[in-house]
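Peer 1: What follows is each chain in one-letter form.
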Amino acid sequence: MTKRLTHFVPLFAAILALATQAACAHTQSTAYLTFRFSETGIIGEWHLALRDLDDAIGLDVNDDGRITWGELLSRKEAVCAYALSRLHVWGDGHAGLLHIEDYLADNLSDGAYVVLRFNVEGIHQPSRLELDYDAFFDMDPKHRGLLRLEHDGQTLLGVFSSTTRSQVFEFGLTPARNPFFTFLKEGVWHIWSGYDHILFLLALLLPGVLLRRDGSWQPVADMRSAFVKVLKVVTAFTVAHSITLSLAVMGLVHLPSRLVESAIAASVVVAALNNLWPLFAEGAWMVAFGFGLLHGFGFANALRDLGLQHGQLALTLFGFNLGVEIGQLAIVLVFLPLALSLRHLLFYQRFILRFGSAAIIMVASTWLAERVLDFKWLPF
Amino acid sequence: MGKIALLLFAVFMAISVRSEPFLPKDESQVLETLRSTAFDPADHEIRSLRALLSAEPGNVSLACQVARRCIERSRREADPRYLGRAQAALAPWWDMPTPPVDALVLRATIKQSQHDFTNALADLDLASRLNPGNVQVWLTRAIILTVLGDYAGARKTCLHLAQLAPGTIALAATASVTALNGEAGRSCALLQSALDGNSFGSGDEKTWALTVLAEALERLGHISEAEADFKAALALGQRDPYLLGAYADLLLDQGRAEEAAKLLNNETRADGLLLRLTLAESALHPRPATCDAHIAALKARFEAGHLRGDFVHQREEARFDLHLLRKPHEALRLAQANWRVQHEPADLRLLLESALAAADPGAAQPALDFMRSNRLEDVQLAKLEQQVNDKSKAVP
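Line order of the protein sequences matches chains Z and W. The first sequence begins at 1 in our numbering and counts up by one. The second sequence begins at 1001 in our numbering and counts up by one.
If you are wondering where the hints come from, they were derived from the structure by calculation, not from laboratory data. Only a predicted model underlies this, so the values are computations on that prediction, with no experimental measurement involved. It is possible that part of the hints are untrue.
As the list claims (entries may be wrong) - Computed list of lysine to aspartate or glutamate pairs in DMTMM-like fashion (alpha-carbon distance at most 20 Å, straight line): (1) W:1262 with W:1292; (2) W:1299 with Z:110; (3) Z:76 with W:1026; (4) W:1025 with Z:101.
Chain Z on its own, in the form it takes in the complex (with noise of 0.2 Å):
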């Protein structure tokens, strides 16, 4: 007997203290993983602490008991293997692709974290969602993985233990979701929010229902030709933006934002300015699609923005560009039937068209300004 008591001696006073260990026992092992969606993608952050990766692969390389900033980044590539071989992420059924971008420290309230930033590719705006936790169980099933989740200005919460190992949020499908639908409303909203791109449009628009005869504007005298003027540059500017626009978008011509935006600026000065001192009175059109041109590149930079959906590139350009053409269409007829309801008032050749242009120059000259010099002045 007395030799089967030295033999236990050593567990008896330990599991003493243990009744009342959590007195003093200090959180457990835990990660932290949170989950963003938006229009753009989805990105991701996660939490990994240092005495769990250091158990589990090693990250003490010397050995001497602290794990420094060198030592860390010494072990980056194995951090990265372990934590991407223990996470997966699945879009209505497609497997997601994690993208590790930044690879950072962080001091949580009980120790010292890795943090990896990462972004999901291969799946869109999934309607379900499924994530497949698998990190540091088989060292410590008491370990937790508390995930965070936002979506669509919700915030969904989740926990992964040894026993629930996999996450399914299903967030339901609206047309709105679709990215074609997406980027069709957001088309229209740049047309409409982007007050150059109304601006250049009414500059080449106000004239349409006029001819240049003899030196001053007269009213056209049918409606027929009215509308083919119309039609030809609203054509033409569709066209050169909608060429300008694919071909910045599929990568194959770049033009720096501020330079495009203040080439766009100076075309509306331009527009208007043709109307007062007519240099193409018939070749509105011709204006239209050179500047159309530089247009394009403006969508191109506001598409970008919004975030490009790789491999559905041409569903989003396309999305995009009839947005743009219908909120273009939109201003249109708006504008037509009224100007060719006043085109034989002298109110209108004399009052809107001089007046309207003036304006339209003074604004856009600011906007030049604004853009070349790199300041703010006026609201829109």
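Assemble chain W onto chain Z, guided by the hints.
Peer 2: Just chain W now, with coordinates in the frame of chain Z:
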């Protein structure tokens, strides 16, 4: 109820990851300290044993060895990560209805430290049927029953233990129960004479016996004797976070915050010790600069515990809410939840203190009933009982 829980959960989640990732500028910057010295024999031993086990994961005696070392280390470092590792070593036997007795006892030990007392006791009952002569089974059972406040059951178990293995272990286990059960003076005398006879050696056992004695003396109001025993236990040099916490509590009760803060200087890892350090700091004039950061750290850790779904921190969190956040109603709710799980003197005290602070003397009734029926002798609790009774009279 579910909605409220979910809402709370969301609020906690929103504030818990208050992180600011950064890119360290210097490669030599130390981010994390794994152990206090470059070479730690205990850590080395665990690592070698785990390496052996990974080659032979089905070897039950090796797995038990790893689990035992990990449990010991989790106690010394107050680090529950090692409990998780102990559980991982026992993985093949964790869900087995009838594993080998050694694995069963270790499984019970891990479960009880996670406050899963019911399943821990079930494992121990099974183990006692499989091997009625296993001393460890009865000792662990006695300790769990004491924590639960089942002193009659604990006494019976100790009796069994004493028959099976008469000696100092049985004596100390018995004294730790009887000291709470109407025989505090006699228990102290018994422990004292065993200590005087040097029967405990000089290691963990003696540290344990001195801690049990010091706590019993403190409850009897013999503060200077209790302090002498705490100091004697510390002088043995065994790292024991429980002992540190118990001595710090004595210092805090005596209004000696400065000494408590000095005792716990640098003890920021273990929640229980950080809590006492912060309590000490908050009592100092002027408050040290670290106090607010420590309050924030404790808050974040309790939040992380909520998110994980852990309930092992209720006692500490109640104390934190009561004394540092000064939220008596929140503290009372936690103290009541904690009281449903365990009945140690510290749990009683929190229930009484928070009931008083929340001006809800009725909430203290279960604690008062428990004290009376078990003839618990404790000067601090008696004082609180008096205050509760005065309040009850004042508020009919």
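Peer 1: Taking the hints in turn, state whether each one holds.
Peer 2: Status of the hints after comparison with the structure:
{"no.": "1", "hint": "W:1262 with W:1292", "verdict": "holds (17 Å)"}
{"no.": "2", "hint": "W:1299 with Z:110", "verdict": "holds (11 Å)"}
{"no.": "3", "hint": "Z:76 with W:1026", "verdict": "holds (16 Å)"}
{"no.": "4", "hint": "W:1025 with Z:101", "verdict": "holds (18 Å)"}
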